[in-house]
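Enquirer: Sequence:
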Amino acid sequence: MMQRFPTQATVENPRYGQLIIGPPGSGKTTYCGEALKFYRELGRQVGVVNLDPANENMSYEPVLSVMELITVEDCMEHLKLGPNGALMHCAEYLADHLEDWLLPALRKLSATYNYFLFDCPGQVELYTHHNAMARIFERLERERYSLVTVNLIDSHYCSEPAKFIATLLMALNTMLRMSLPHVNVLSKADLLKKHETKLHFNVDYYTDVLDLKYLLDKLDDDPAMRKYRKLNAAICSMVEDYALVSFQLLDVFSTDSMLRLRNHIDKANGYVYKAGEEQTVNSLLACAVGAETEAARMEHDVQPYME
0 MMQRFPTQAT VENPRYGQLI IGPPGSGKTT YCGEALKFYR ELGRQVGVVN LDPANENMSY
60 EPVLSVMELI TVEDCMEHLK LGPNGALMHC AEYLADHLED WLLPALRKLS ATYNYFLFDC
120 PGQVELYTHH NAMARIFERL ERERYSLVTV NLIDSHYCSE PAKFIATLLM ALNTMLRMSL
180 PHVNVLSKAD LLKKHETKLH FNVDYYTDVL DLKYLLDKLD DDPAMRKYRK LNAAICSMVE
240 DYALVSFQLL DVFSTDSMLR LRNHIDKANG YVYKAGEEQT VNSLLACAVG AETEAARMEH
300 DVQPYME
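Take the sequence shown: its letters are residues 0 to 306, numbered as in numbering that gives the first Met the number 0.
No lab work stands behind these hints: they were computed from the structure. Here the structure is a predicted model, which is why all the values come from computation and not from measurement. Ideal placement from N, C-alpha and C gives every residue a C-beta, glycine not left out. There's no promise every hint is true.
Pairs of lysine-lysine, DSBU-like flavour, derived with a Cα cap of 30 Å [said to hold, decoys possible]: (1) K226 x K212; (2) K107 x K162; (3) K193 x K217; (4) K36 x K193; (5) K192 x K162; (6) K212 x K107; (7) K212 x K192; (8) K107 x K266; (9) K107 x K36.
Okay, the calculated beta carbon distance ranges per label pair [said to hold, decoys possible]: (10) R143 x G81: 36 to 46 Å; (11) M57 x D219: 36 to 46 Å; (12) G84 x E239: 14 to 24 Å; (13) L209 x E124: 21 to 31 Å; (14) M57 x D255: 22 to 32 Å.
Modelling step: build the complete structure from the supplied sequences, incorporating the hints.
Expert: Printed below as a string of structure tokens:
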């Protein structure tokens, strides 16, 4: 007798998450606060989990905060560590207490929430050199969370070629080490108009990370950077060889901008295909291939941020 198999696999109580990372000052906490309101208006059962032990000025009410477990201030006081060393210790301490603190708390919250925004620390070394955050992310993934890393970068770095190259290298390093679906974001895009005169190329050059040899030519204008041309060329060549880094523009106070970023994130963490979400075949295909004309993309992604 022929055995029948279900035509569609389903996952009970699917859980999704955004891991919000990025350098200090890139707007992670602001994004979490605005995204919390945005996604709740869309009807999602969303909560913010603060994983930054130094985040004392949250613009949102977290459903869970690592500061209930450990804080940078306490580490500095009792272990006599500096700010960076204390943050490293906190990340390691959290990684060591996943099974007895973080995961049990998240399991309880899963009865109410199925979508989490994880507000992560801003120290870049935690994602490029250290393995504590990677251990945390990997354990969450094994816990059946569908995750995407959202890497926020301040858009003003586009105005300085040297900083932008460093940003590309950092983004690539993070993508390779985290080994998760990844969306790079140029935050504070509404401020790009103030820096427009400093940009050497059109905004789409930076978002699409086009031919970087032109950026190298601009570095030669700086005598301090000219002697590092071979090193910079090697970095640019490596970024281009991997062909992984590109950026989305974001203004957190623009509903249209948040909607467009949501579309990219939903495709990355699989929310667009979640069980029980009614979508036509055409809309699924459009999401899967990102069907959109170049003119429409430019109109929505670039023009709002430029004169």
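Enquirer: Against each hint, give a clear statement of whether it holds in the structure.
Expert: Outcome of the hint check:
With a C-alpha separation of about 16 Å, the suggested pairing of K226 with K212 holds against the 30 Å cut-off. Under the criterion of a C-alpha separation no larger than 30 Å, the hint pairing K107 with K162 is inconsistent with the structure, at around 43 Å. Our distance criterion of 30 Å between C-alpha atoms is met by K193 and K217, whose separation comes to about 20 Å. Under the criterion of a C-alpha separation no larger than 30 Å, the hint pairing K36 with K193 is consistent with the structure, at around 28 Å.
Of the pairs offered as hints, the one joining K192 and K162 holds, with about 19 Å between alpha carbons and a cut-off of 30 Å not exceeded. Taking the CA atoms of K212 and K107, the gap is near 52 Å; set against the 30 Å cutoff, the hint is violated. Between K212 and K192, the direct Cα distance comes to roughly 25 Å. Compliance with the 30 Å bound is thereby established for this hinted pair. A hinted pair counts as satisfied when its Cα atoms are at most 30 Å apart, and K107 with K266 qualifies at roughly 27 Å.
Among the hinted pairs, K107 with K36 is consistent with the structure: their alpha-carbon atoms are about 22 Å apart, no more than 30 Å. Separation of R143 from G81 is about 37 Å and conforms to the stated range, judged on CB atoms against 36 to 46 Å. Against the hinted window of 36 to 46 Å, the Cβ-Cβ separation of M57 and D219 comes to about 44 Å, which satisfies the hint. Distance hint check for G84 and E239: the Cβ-Cβ separation is about 36 Å, which falls outside the suggested range of 14 to 24 Å.
Remark: the range hint 21 to 31 Å for L209 to E124 is upheld by a beta-carbon distance near 29 Å. Taking 22 to 32 Å as the suggested C-beta distance range, the pair M57 and D255 conforms, at roughly 26 Å.
When the structure is compared with the earlier hints, violations turn up for hints 2, 6, 12 and for no others.
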